[in-house]
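**Student:** Sequence:
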Amino acid sequence: MLAHSRPFDLRHLKPERWVTAEKIDWLAEELDRSPHSPIAPRLVLKDLRLVNPVEVKAWRLTEWTENGKKNRV
Numbered sequence: 050m051l052a053h054s055r056p057f058d059l060r061h062l063k064p065e066r067w068v069t070a071e072k073i074d075w076l077a078e079e080l081d082r083s084p085h086s087p088i089a090p091r092l093v094l095k096d097l098r099l100v101n102p103v104e105v106k107a108w109r110l111t112e113w114t115e116n117g118k119k120n121r122v
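When we follow the numbering used here, the leftmost residue of the sequence shown carries the number 50, and every step to the right adds one.
Some hints here could point you the wrong way.
[Stated by the list, open to error] If you anchor each label on the Cβ, the simulated ranges turn out as follows: (1) P87 to E112: 11 to 21 Å; (2) D81 to T111: 32 to 42 Å; (3) E78 to W108: 20 to 30 Å.
[Claimed, not checked] Here are the simulated DSSO-like pairs of lysine-lysine, each with C-alpha atoms no more than 27 Å apart in a straight line: (4) K106 to K118; (5) K106 to K95; (6) K72 to K118; (7) K119 to K106.
Hints were generated in silico from the structure; no laboratory data involved.
These numbers come from a predicted model, not from an experiment.
Think of the CB as a built atom: it goes at the ideal place given N, C-alpha and C, for glycine as much as any other residue.
Work out the full structure: start from the sequences and follow the hints.
**Tutor:** This is the structure in structure tokens:
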């Protein structure tokens with residue numbers, strides 16, 4: 050994550066449009082289009098290191114499978 054969006058006000062939308070809706074892809078697209086601010090100054094961001102393969106593997110671990118069974122880690 051290199052940037053964050055400003056607070057996204059959902060009060061002007063009907064709750065059934067985003068709280069209980071089956072598909073809310075439009076909401077993710079709206080958030081992507083909203084103004085974003087960097088999380089840190091450019092000089093700090095340029096010194097960030099890339100994630101290494103061990104970290105990627107750990108990040109992909111899940112405690113539960115999609116069918117509801119517990120994974121062995």
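**Student:** Run the structure past the numbered hints and jot down the numbers of the failing ones, going up.
**Tutor:** 1 and 2
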